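> Chains as they are written, first to last, in the numbering used here: chain A, 9 to 121; chain B, 9 to 121.
Since the hints were derived computationally from the structure, they do not count as laboratory data. Fair warning: there could be bad hints in the mix.
The list treats identical chains as interchangeable, and a pair is accepted whether it falls inside one copy or across any two copies.
Claimed, not checked - In silico SDA-like cross-links for lysine to any residue, where the CA-CA straight-line distance does not exceed 25 Å:
1. Lys16 / Ser60
2. Lys107 / Glu10
3. Lys103 / Glu10
4. Lys108 / Ser42
5. Lys16 / Ser76
These numbers come from a predicted model, not from an experiment.
2 protein chains.
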Amino acid sequence: MELALIFKTLGDDIRLRILGLLMGGELCVCDIESVLGISQVNVSRHLARMKSTGILTSRKNAQWVYYSVNRTFMETHPVLLDSLIVEFKKLPGNKSDMKKLAVVKRNKSENQC
Amino acid sequence: MELALIFKTLGDDIRLRILGLLMGGELCVCDIESVLGISQVNVSRHLARMKSTGILTSRKNAQWVYYSVNRTFMETHPVLLDSLIVEFKKLPGNKSDMKKLAVVKRNKSENQC
DNA sequence: GATTTATATTAGTATATTCTTATATATGAA
DNA sequence: TTCATATATAAGAATATACTAATATAAATC
Numbered sequence: 009m010e011l012a013l014i015f016k017t018l019g020d021d022i023r024l025r026i027l028g029l030l031m032g033g034e035l036c037v038c039d040i041e042s043v044l045g046i047s048q049v050n051v052s053r054h055l056a057r058m059k060s061t062g063i064l065t066s067r068k069n070a071q072w073v074y075y076s077v078n079r080t081f082m083e084t085h086p087v088l089l090d091s092l093i094v095e096f097k098k099l100p101g102n103k104s105d106m107k108k109l110a111v112v113k114r115n116k117s118e119n120q121c
Numbered sequence: 009m010e011l012a013l014i015f016k017t018l019g020d021d022i023r024l025r026i027l028g029l030l031m032g033g034e035l036c037v038c039d040i041e042s043v044l045g046i047s048q049v050n051v052s053r054h055l056a057r058m059k060s061t062g063i064l065t066s067r068k069n070a071q072w073v074y075y076s077v078n079r080t081f082m083e084t085h086p087v088l089l090d091s092l093i094v095e096f097k098k099l100p101g102n103k104s105d106m107k108k109l110a111v112v113k114r115n116k117s118e119n120q121c
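Based on the provided sequences and hints, a complete structural model is requested.
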């Protein structure tokens, strides 16, 4: 996992917001889509890119794909990850994303996205 | 200073190597050029980019321009900077760059680059 | 003033990235 | 089997990036 590639991958607003959301635990694509208000294709492509860099992993359950921060990444770059947590807290849009996530999760019933 | 822009700027091997060198203190363009073995134009453009992002500053002395890590950047993102130090130490080429820098500095006489 | 040295900028090409639209796949439900 | 939902991939256009070669600027020296 190349450092430059990691930074290149992190160097995008949408991907940073996605990572910020996933820091709180795994989410399915449609949740991320709802929170960010971005098209499914767009979210999917950004997720794929972060996964191919090794920052994220995914697991499939029924028709949903759940993405989460890759454990290997966390273990290989613990200090970088800590600094990301610090930086995320400083981001202006972070709070509203987290609020929106809470709303999306609350309004979500079983067998639905 | 946008976080995504910072990462985007860091997302390049040459720029990471330059930053690694400048962590040890200011250097003129020709020193960086010698250490990295990269063309002057190339080094200059990467430096300009990092400066415009706010990661570096420069001062001019006689015909030389000395670049260094921007103090404001260090003060605004201390934890990120710490993580960079940790990551740099893990980079495979870092040691050889530092050695090369020592050689370049030693072989350098007054009024010469 | 002419020349050399250090650095920056411009022009042009090749490649990468991002977005939108359309389409494909895969699972579950009717 | 057909339909609806969740996700991924492909195609095409617009923009950004990186590199090389050539040129410009600016200071120092002769």
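> Would you pick out the hints that fail for this structure and give their numbers low to high?
Hints that this structure does not satisfy do not exist here, as all of them hold.
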